[in-house]
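Chemist: Our numbering puts the first residue of the sequence shown at 85, with every later residue one more than the last.
Honestly, I wouldn't trust all of these hints.
To be verified - Pairs of lysine-lysine, DSSO-like flavour, derived with a Cα cap of 27 Å:
no., residue 1, residue 2
1, K186, K229
2, K465, K182
3, K136, K123
Don't read these hints as lab results, they were simulated from the structure.
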Amino acid sequence: MFSILKFPAQSSFKQIGTRPSLDSQSLDALIKDVFEQVKSGGDQALRDFTLKFEKKSITDLAYTSEEISEKAALVPQELQNAIQVAYKNIYAFHESQKLVEKRIETSPGVVCWQKSSPIERVGIYIPGGTAPLFSTILMLAIPAKIAGCEEIVLCTPGDHPALFYAAQLCGVTQMFKIGGSQAIAAMAQGTESVPAVYKIFGPGNQYVTAAKMYANRMGLAIDMPAGPSEVAVFADETAYPAFIASDLLSQAEHGHDSQVVLISTSEQILNESIHEIKKQLAELPRKEFAASALNNSQFILLKSNEEAIDLLNEYGAEHLILACENPENFADSISNAGSIFLGHFTPESAGDYASGTNHTLPTNGFAKAYSGVNLDSFVKKITLQAISQAGLANIGPSIIQMAEAESLQAHANAVKIRLS
85 MFSILKFPAQ SSFKQIGTRP SLDSQSLDAL IKDVFEQVKS GGDQALRDFT
135 LKFEKKSITD LAYTSEEISE KAALVPQELQ NAIQVAYKNI YAFHESQKLV
185 EKRIETSPGV VCWQKSSPIE RVGIYIPGGT APLFSTILML AIPAKIAGCE
235 EIVLCTPGDH PALFYAAQLC GVTQMFKIGG SQAIAAMAQG TESVPAVYKI
285 FGPGNQYVTA AKMYANRMGL AIDMPAGPSE VAVFADETAY PAFIASDLLS
335 QAEHGHDSQV VLISTSEQIL NESIHEIKKQ LAELPRKEFA ASALNNSQFI
385 LLKSNEEAID LLNEYGAEHL ILACENPENF ADSISNAGSI FLGHFTPESA
435 GDYASGTNHT LPTNGFAKAY SGVNLDSFVK KITLQAISQA GLANIGPSII
485 QMAEAESLQA HANAVKIRLS
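Generate coordinates for the entire structure from the input sequences, incorporating the hints supplied.
Modeler: Here it is in structure tokens:
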């Protein structure tokens, strides 16, 4: 079950960081066919795919506001209260990310600044699956609402009451009963009922992931390249093996293709953590998922913190837990991670639900170049500039020189005519 590496050479760090592969190329023909059928068949194609793939017959694709309210009302009060706590924290953290307008006079008479403009229509996908991910609605619809997105379109085949409670709470404007790659195709292209959106967010299985990538190649924006969930834990001799095991299993229970990695400078902590995993795994309701995911896991013993930093930066984990002494100092050396959890009492599940940070994060090493979802994911940054006559006189000669050097005379003329 466990792959244990002791003191691997630094030259092997890149290979250690390899994830379980996802063969998206083999899905392309299927995804292309889905997109083409949805484009030509519209709503009826969505009904046909829902019957074919999900064995459900639907007439109306959209939920009415009355249906949403009725289903939302079924959520127990205790869960409503928990969702409200998460909502408050997520809202506060993302609202703090608003752009503060700052005008800069780059030269006398030349003023430049930025403004944020919301993406008018965004799409959110929430899978049905074995876990009703209503928390992801909070993570995506709350920043969309703060950003000022006029339309928030939600597609999900799930029917857990908390999905509807979260959608209503977060200001989702339309909610549809469709799932899978056909839902992505509908939001990407539009049908009679489902509006075409400008950017698609949300997790999903390999078909949904392939559909999002296909839509991206068509020119539609998506949140990020996605893959199976993952966590890396760095633990030194101060760590608690029981805590480590619980964090690793919290990701392993997501699904068969998840990956968990434990890196430690203490062989005792490594061995005790493995013992704890076996102990806790036996008690999990989703132990089959977790046990399967542990086949993709790696337990690595290293000689020093410096080696651990090098390996963690090469791996670029979606979630990184630093269960060590002085975790903030350690984090200063981490440049590649989706989200970092500091210290022994900061479980990864806090970020998944209620601390306030976003849990929609880059996987599969994309943390080397991508950020997790944040308020900026739902806006465009538009630059503005205002130049006075005196300001143009200051920078005009430089513009003319550069434009003429690039053989773009009309560019130069646009300045010359104003200066004359």
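Chemist: Work down the list of hints and note, for each, if the structure agrees.
Modeler: Here is what the structure says about each hint:
1. K186 / K229: holds, 23 Å
2. K465 / K182: holds, 11 Å
3. K136 / K123: holds, 18 Å
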